[in-house]
Each structure stands twice: as structure tokens, then as C-alpha cells.
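Q: Each chain, letter by letter, is given below.
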Amino acid sequence: MPVTAGEVLVQTLNGISIGLSLALIAVSLTLIFGVMDIVNFAHGEFYMLGAYGTIVIIGFVGNYWVGLVIAAVLVAIFGAVVEWITLRPIRDRDPLQSLIVTFGFVLVFQQTILEIFGGSPKNMPTPITGTLTFAGITYPWNRIAAMVGALVIIGGLFLFLSRTRLGIMMRASSQDLDAARTLGVPADRVFSISFALSVGLAALAAGFLAPIRGVSPTMGTGVILDAFIVVIVGGLGSVFGAVVAALLIGLTQSLSIIVLPSYMSQIIALLLLIIVLLVKPEGLFGE
Amino acid sequence: MSVKQRISTVVSTAEENPRMTRYAIYLVAFVVLGVIVPLTSPSSQLGVYNLMLIWGLFAMGFDFMYGYSGVVSFGHSALFGLGAYAFAIPLSHAGKAPLGIGIYDFFAGSIWLLLILSIVIAAIYALVVGTISIRTREVYFAILTLAFAQVTYTLVINLGDFTGGYNGIPLTLPELTVIPGVLTLDLYNSMDFYYLTLVIVVLTYAVLRRLTNSPMGAVLRGVRENVDRLEYIGIDERRYRIAAFTISGAVSGLAGGLYAANLSFIGPSTMDFVLSGEVIVWTILGGAGTLLGPLFGGALIYYIQESASNFITWWLIPVGLLFIAMVIVMPEGIAGRVIKFVDQFRGNSEN
Amino acid sequence: MSALLRTDGLTKKFGGLVAVDDVDFSLEKGEIHCIIGPNGAGKTTFFNLLTGGLEPTEGAIYLGDKNIVGDTPDEILEDGIARSFQVSELFNGLTVMENLRLALLGRDRGRSPLWFAFSNIDDDEELKEEAYAIAEKVKLGEEADKTVDALAHGKKRNLEIGIALSTGADVLLLDEPAAGLTTSETEALMGLIREIAEERTILLVEHDMDLVMGIADRITVLHNGRVLAQGSPGEIQNNETVKEVYLGE
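Protein chains in written order, with the numbering used here: chain F, 498 to 784; chain G, 437 to 787; chain H, 14 to 262.
Think of the hints as simulated: they come from the structure by calculation, not from any bench. It cannot be assumed that every hint is accurate.
[Unchecked claim] Mimicking BS3-like on lysine-lysine, the simulated pairs with C-alpha atoms at most 30 Å apart in a straight line are: (1) K150(H) with K168(H); (2) K776(G) with K256(H); (3) K776(G) with K26(H); (4) K777(F) with K26(H); (5) K440(G) with K159(H); (6) K168(H) with K42(H); (7) K169(H) with K152(H); (8) K159(H) with K42(H); (9) K776(G) with K42(H); (10) K168(H) with K26(H); (11) K42(H) with K169(H); (12) K141(H) with K152(H); (13) K168(H) with K152(H); (14) K141(H) with K776(G).
Required output: the full structure, derived from the provided sequences and hints.
A: Shown next as C-alpha cells:
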């Protein structure tokens, strides 16, 4: 079956929308590593909590966006508490230890949500329905909104990191923690806020990605491996690298679906990861 | 004498006669595990013990890598699952001869050969994945093992003609010939299976213990304590990390093969990511770096899981919380704590 | 030429920054040679180049007749250069004896895990005795069965040198061995280095001028990555350029 231009356009757009949503999750993941030297295996679980939280809160407030924002804020606060109790004590240890501890979170969060909500997939109410027709294709508004929303948030994050005092402190801590400390950066507070901000962003990402990918207790693990691949390919700690890598992977996966069976897309992502690691182990933009 | 003094005396006598102590422990273990348990337990109970042994074996294999060399893998489910599939595929394809070679029937006739296949296939996978991933930092290595495991899982599910896909395949097991003409075991019988598994676990423990006490074991501990320095004292640490991963993989594959035999069924649940996580939990709760700790950890937690799941569905939550607490507060695990506890008495007896 | 180790136009650039600049250097067999220079003079980079931790941008490093540029640290070790670290890199959970024994294993068999996987390492009495002997040599005889965590900082620095010694290399590169030591500990260290130097060639980087002047056979002064002066302690002390740039501090 010949490939039409329309198909390619649709898949390119899909690739961009998935890529940007993935970027939102990956960027917050890489931020935690850059600032705190912690690899958060449970990052996908905070994404999941954002989705379930949004569904629950929409039930109270009625509005999708309000529900999403409140859920994200609650997740952020929860994240700060978790960081204080469990991550602070292991801060000086090997990042591998953080990988193991946060893996424990995956178990606990997933099982808790499973108990409360049951295992069957839920429907995430779509904020915007309808489609846009242009250039010979019909494309859902949903996904366009996801792209725009993700772009806005990522752009906001870049501005935050380069212009605000807190953002600059976070960047300084990620470059050289001891130097930052001597310059008066309050490490404890910066860490807590960084972690809260990051998991809050992951929860926010659910607002854009969950309507497309679905909601279930295991949705977190479905997303975390892709997020890790993005972060590693882009370079651990590099926000810009995460965005580039996310788009790269999103596009590669979506376009490959045109010619390959869908289960190959994950294999392609893995191949990309292997190639990058063999050629440039620090990632495309890593130190 | 107070209780504490009595314990001190026992411990110091044990210390002074290490050989005698060891033989005494072996004798007790042999009598209890080899005679009392199998002959007094009903067959359904033995079935539980069999699975306890299998999971314990899996955890022990993981501990050899994690507890001694510090290498972390989040993809051990692939090793276990490949062992299971390696065992199952010749059986499920018996009678077929690709390219005219009766390779399936060659293996399908003998349980021994099938188990060896389990070990070899898992070891080859570990060797390949390890070699590809070894250039990366430890955190990336762990994530790569996860990525490879996911891909393997996806492939197994999607190549249904070969692997049975989502639904899996029931297996028909041949008899196990121990001594031709004299002793055969029927693996559908819980007691026969128990003896087979017990012997395998004991032998594996002996081999792994030998390895950890060897110069290789010393180097693996060096990898765990300061991998960067090793290069500067003339040791190629990459080879050792790959070796630890491969040996661990071989044992995991063996456990997988036994699992397939036990269930006489193969399905993709043997490769589920959940297993990768569980084996880490068992190892850390049991006590990494002790071999026996994770053996008991795996067995015990499985047993608790089996019992508890009759009453509650959320037992994994307290286990998960305990796991988190352990990593933060008691990284040496239960076995490590026990060792520290015994050490107290050593100190006292010297006074 | 009797030079055991020598560099020829050795240069290392990091982007626009020249850390090591066209250094010609030679190390004589059996001597104690010290490299000194202000912070940022390129001393540690020079060490990293010699031990294979970094690759030079230009130039060659000759060990005997062999150019070792491009070799990995364990290959260079096999050829006979071992190093110690400014910040101790020890095997923390292990005892002193076990630390040294590990280095001895590296010396004897090292690269392949396949050869010696089945013997019990504690049964190797010879190996153990050798490890204990080296512990004695670096003044850790009494602490030989203590774990690294239980050692005082000064003792850790001794172990650091002990590990380098155990590799069996002829040339020892010691990176600020006196880092963090008290005056009396430094005195003891000087004695230890002199003892070791009876059988090895030693190149060391140091800040402590008393130590340097006390034990060096020859001194090389680095400044901004270039060799400022080279010679005996007396010559260096009287060198005007050196005094201007460095010794005044």
C-alpha cells in the first residue's frame, strides 16, 4: 500500500505531539537528576497520580483545567513531603540507591491506586473535542492542544530557569553544588522545591498525554521507560537535550509506524538509545 | 548462667571448631529439609515449598550480582523468562524439524538437557546485553537492562507462532532420568519435584559460595566498593561486571526453567516486569551480599504473599513501604542484621 | 639514556585552555622527583596524562622505548606505572589487608575473571602474607585487619600509597600524598617515601615545600602548564624566576 502525503503529515504531527508531551515528563525527570543527583524511577507514578487526581477533582469542580492545576499542585506538595522523608536521608549516597528507593515508590503508589480505583482503564475526559481540517487531513484538536500546552509549559520552564532567582539557584546547584552552597544557595530548600516542581510538572503532563494514552494504574510504568530513554539520549541533566531527544524519539516512533508493525516502535527507541550510548555515552548534550 | 552467657558459649565453641559447626549445620539441614519436610508435608504444601525454592533460587542468583559486585539490573525478569521459554519451547515444538534438523526433539527428550538449555540461553542473553551496556555508567546500565527486558517481552508476545504469545502453551513433561534404569522422577509429583529442586538449590549455593570466596569474589567486592580504582591497579572491571551479570543470569535462567517445569505451562507472565522488581525486593529485604539471606527472603516473602492474598489484596503496599524503609535505614537487610546480632556475642565471649 | 620515563612536547588543551604546554620532562631510574607549581599550573593534568586518564592533544610519553600515549590505565600499569590519588580512593568496606590483597591480585592476574574463580582466596597463605608485609611496610601493621572506615585520615593516606606499592609497578606517581596531614605525620611520610624509593622510582606532586625540599633528588617547577625550571633542590631554591613566581608564596 503506497504511503500518502496525508499519512506522513498526520504521523509527523503525532510524533511532535507525543514528543512534546514526553518532553514535559522527561524535562522534569532530568531536572531532578541535574539538581539533586537523584534518578526518580517513580516519575511516571507522579504522572499517574496527576491523571487520577485530575479525574477525582474534576468531579468536584467541574472544570478540566482547574481540576488539572489543583491536582498538579497537590501532587507537588505530596512530592515535597516524600522528598523530605525518604530522599533526604540518602542524598549523599550513590544515585543507584535513589533508583532503588524510588522503585519502592512505584510499588507502593501503583498498588495503592489499584486498591482504590481498581485495575480497569478509566476514561480521561477530553478537554477539547472536535477536529481541524487542513492540508488535506483531519486532525483532532485534542492533540493540537497537547502540543501547544506542552510548548507553553516548556517555554515557561526555560524562562523560569534563566530569569528567576530560584531557577538560577537550581541551575547553579546542578552545575556545582559545593560552589553554590558557598555562594549562599540554601541547598535543602532548593532540593525540596526542585523535586516538588518536577513531579508537579509530571502531573501536569498527564493533562495533555493521558487523554491520548489512557488512564490505568500501570500508566506510569508505560511512560517511564520512554522518559528514561529520552533523558539518557538527551544527556542526564540537560533540559534542552531532553526536549531534542523527546522530539527525535517521538518522530522516529510515529513515522516508523507507517511502515513497521506498531510493536516495533519500542524496539526502535531502544536501538536509538543503544547507538547513542555506544557513540556518545554522556548523551547528545550531556557533560 | 544467663541466656546471654549461654549463647556466648555456644557461639565461641562454634567459632573454635568451625569444621565441626559446619558439618553439624549441614546434618541438621539435611535431616530437616531432606527427610522431615518432604515426608511429613501434604502434597499441596510441598507444591508451595517448591515455588518457594524456585523464587529463592532466583533471588540468590540476583544477590550474587547485586550483593557482591553492586551491579544493579532492572531487567532480570528477562533472564528468568528466557530460562522458562528455553525450557518450554523444545517441548512445545516437539515433532517439528526446522531445516530437517530434529533439534527440538533432541532437547525435548531430557529434562537435564532442557535445564542446561535454560542456563545457557539466559547466560548468552546476559553476556550480550552486558557487553553492549558495559561502557555506560552504572545508572544507565540498570536502565538499559530494563529497556532490553521490555523489548524481549514485546518480542515474545508478538512472535506468537514461536512462543505462544499472550496465551502461552501448556507443556508435557517427560520423565526425569537420574540413574538410567534405577531412578526416575516424575516431575508432576510434588515430592519428586521437591527433591530435584532442593538438590539444585544446594548445588547452586555451593557453586556461588565457592565463587564469592574466590579471588573473583574479592575482585567483585572491589567493584562494589570502588570500581574506578580497579583500573589503576590493573584489573579490567568491565569484564568482572559482565561476568557477575552473566553468572547471575545463568542462575536466574535455571530458576525460570524449573518454574516452567513446575507449572508445566509457559506464558509471558514469566517475563513480566513485576518479577524484576520483586527479585530486588526479596534480595534487599533478605539481606544483600549473603546469598542465603535472599534465598530465604524470596522464599519467605512468596510464602507470605500466598497466605496473605487469601485475605487481603493490598499486601504489596506494606512490603513496598518496608522495602523503602530498609533501603534507607537498614541496607544490610535482615540477614545482615542477624549477622551483626551474632557478632555482638562474639565480642562478649572474648572477655 | 637512563631516563625511565620521559615526555616529549607533551601538550593538553581543553578547548581554548592550554593545561599542559609543550612539556619535555624526564624521570631517572631510582630517583625521587617532585613536581611543584602554583594551583592551576597543570600538575594534576600532567599526572592524568602520564597514567592514561587523559589523552594528550600533542606529544609523546615514553616509558623506556615505548610510547604509551593512548594506552588505558591498566595497560600502563602492566608496563610499570602506578599512581595514588590526592583524594584517597580506597575500597571502603574492606580491611587494609583486603585492600592491599586486591592490588596484589591485579598485579598477578588482573584482567580475566575466568582463571581463578574456584580456589578459596583465604587459603592462599602466600598472598595473605605478602599483603600483611606491605601493610607493615606502610606502617599499617597493627591496623591490617581493620576496615578502611575505622582508619584515621593519616593512616588512609598510608594505605593509599600501599595500594600503589602493591601493584608491583616500578614507577610510582604520588598525587599530593601529604594532603591533609599534620606536620609530624608529614615527617613520618617523608621517611616512608625514602624507604620505598630504595626499590622504586618515585614522581610526586606536592604543595608542602618542606617535604619537597627534604626528599627530592630533582624538582620540576610547572607554571601555566609550562616547565619553568628543572634541577636539584639547591638549584631551584636559587633560581630567580622560580622565586619570583612561586617560592615567595
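Q: If a hint holds in the structure, say so; if it does not, say that too.
A: Hints versus structure:
1. Note on K150(H) and K168(H): the hinted pairing holds, with a Cα-Cα distance of about 12 Å set against a maximum of 30 Å.
2. At most 30 Å may separate the alpha-carbon atoms for a hinted pair to count; K776(G) and K256(H) exceed this at roughly 58 Å.
3. Of the pairs offered as hints, the one joining K776(G) and K26(H) is violated, with about 52 Å between alpha carbons and a cut-off of 30 Å exceeded.
4. A threshold of 30 Å between alpha carbons decides the hint, and for K777(F) with K26(H) the separation of about 20 Å falls inside it, so the pair holds.
5. Taking the CA atoms of K440(G) and K159(H), the gap is near 26 Å; set against the 30 Å cutoff, the hint holds.
6. Taking the CA atoms of K168(H) and K42(H), the gap is about 28 Å. The hint holds against a cut of 30 Å.
7. At roughly 11 Å between alpha-carbon atoms, K169(H) and K152(H) fall within 30 Å of each other, so this suggested pair holds.
8. Straight-line distance between C-alpha atoms of K159(H) and K42(H) comes to about 35 Å, which puts the hinted pair past the 30 Å bound.
9. For the proposed pair K776(G) and K42(H), the alpha carbon gap of about 50 Å is over 30 Å, so the pair is violated.
10. Distance hint between K168(H) and K26(H) is unfulfilled; the C-alpha atoms sit about 36 Å from each other, more than 30 Å.
11. For the suggested pair K42(H) and K169(H), the alpha carbons sit about 28 Å apart, so the restraint of at most 30 Å is met.
12. Restraint check for K141(H) and K152(H): satisfied, since their Cα atoms lie roughly 17 Å apart, inside the 30 Å limit.
13. Proximity of K168(H) to K152(H) is assessed by CA-CA distance (about 8 Å); at most 30 Å being required, the pair is judged to hold.
14. For a cut-off of 30 Å, the pair hint linking K141(H) to K776(G) stands: about 25 Å separates their Cα positions.
In summary, the numbered hints that this structure violates are 2, 3, 8, 9 and 10.
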